[in-house]
Amino acid sequence: EAQVTQNPRYLITVTGKKLTVTCSQNMNHEYMSWYRQDPGLGLRQIYYSMNVEVTDKGDVPEGYKVSRKEKRNFPLILESPSPNQTSLYFCASKPGHGGYGYTFGSGTRLTVV
Amino acid sequence: GIQVEQSPPDLILQEGANSTLRCNFSDSVNNLQWFHQNPWGQLINLFYIPSGTKQNGRLSATTVATERYSLLYISSSQTTDSGVYFCAVIRGTDKLIFGTGTRLQVFP
Chain A
4 EAQVTQNPRY
14 LITVTGKKLT
24 VTCSQNMNHE
34 YMSWYRQDPG
44 LGLRQIYYSM
54 NVEVTDKGDV
64 PEGYKVSRKE
74 KRNFPLILES
84 PSPNQTSLYF
94 CASKPGHGGY
104 GYTFGSGTRL
114 TVV
Chain B
801 GIQVEQSPPD
811 LILQEGANST
821 LRCNFSDSVN
831 NLQWFHQNPW
841 GQLINLFYIP
851 SGTKQNGRLS
861 ATTVATERYS
871 LLYISSSQTT
881 DSGVYFCAVI
891 RGTDKLIFGT
901 GTRLQVFP
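Each protein sequence line maps, in turn, to chains A and B. Quick note on the numbering used here: the first sequence kicks off at 4 and runs consecutively. Quick note on the numbering used here: the second sequence kicks off at 801 and runs consecutively.
There may be inaccurate statements among the hints.
Label-pair restraints from in silico Cβ distances [unchecked claim]:
| id | chain 1 | residue 1 | chain 2 | residue 2 | range |
| --- | --- | --- | --- | --- | --- |
| 1 | A | GLY102 | B | TYR869 | 18 to 24 angstroms |
| 2 | A | ILE80 | B | PRO908 | 40 to 46 angstroms |
| 3 | A | GLU4 | B | GLY857 | 44 to 50 angstroms |
| 4 | A | ASN76 | B | PRO908 | 20 to 26 angstroms |
| 5 | A | ASN54 | B | ARG858 | 34 to 40 angstroms |
| 6 | A | LEU44 | B | SER828 | 21 to 27 angstroms |
| 7 | B | TYR873 | A | ILE80 | 29 to 35 angstroms |
| 8 | A | GLU73 | B | GLN842 | 23 to 29 angstroms |
What the hints contain is simulated information worked out from the structure, not anything from laboratory work. No residue lacks a Cβ here, since even glycine has one placed at the ideal position from N, Cα and C.
The whole structure should be built from the sequences, with the hints applied where relevant.
Have a look at this one:
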């Protein structure tokens, strides 16, 4: 089944403890992106990647890192999580630039205490 | 930047009713998608519809790009249709810009 897989689905962690949220797609998509969703603020783009080794900042990149060493994987790294990074995170992918729609992962609900 | 507004913000229906959700956007866009966020928080892609009309079962969507709006039709609504419906436009570096959402509640 064609899908975007995120792990974990739920995570509670403590301030300052490094964590990684994994994202993997099995559709050979070039374009991948991370979004966070917060009440009253909607969904905002964190980082995106147009292809392997090509990444760029979105609207809210502070406190996050990404890497794209393989086409299928696009992990989101929080080096030193803080409570304001408590959010619902989504990974998404699409075939390439232009006329294609996005496929979203199931989301990761992160709580930083 | 581009504004994406959805109406109505909230909608309460009884099972079996029909509804129309609207998405207005303030500038030209490359593409448009409709999503359903279910009560568990998952974002489900409903339609990729930069223009024209598409149908999938009880759902259909129409985008009139020249007039900068899109409509999502839900017929014979079911309780499983409950959740938040988002339209999102794609601009520039393929970034999705989400609308404000319509929260739908369907009661038996």
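Cross-check of the supplied hints:
At about 19 angstroms, the CB distance of GLY102 of chain A to TYR869 of chain B agrees with the hint of 18 to 24 angstroms. Look at ILE80 of chain A against PRO908 of chain B: about 45 angstroms separates their beta carbons, and that is inside 40 to 46 angstroms. At roughly 19 angstroms, the beta carbons of GLU4 of chain A and GLY857 of chain B sit outside the given window of 44 to 50 angstroms. A beta carbon spacing of about 43 angstroms between ASN76 of chain A and PRO908 of chain B contradicts the range 20 to 26 angstroms that was offered as a hint.
As the Cβ distance of ASN54 of chain A to ARG858 of chain B is approximately 38 angstroms, the hint placing it in 34 to 40 angstroms holds. Distance hint check: the CB atoms of LEU44 of chain A and SER828 of chain B are about 25 angstroms apart, consistent with the given range 21 to 27 angstroms. For the pair TYR873 of chain B and ILE80 of chain A, the supplied restraint of 29 to 35 angstroms is violated, since their beta-carbon distance comes to about 41 angstroms. The hint said 23 to 29 angstroms for the Cβ distance between GLU73 of chain A and GLN842 of chain B, and at roughly 25 angstroms that hint holds.
This entry does not satisfy hints 3, 4, 7, going by the numbered hints stated previously.
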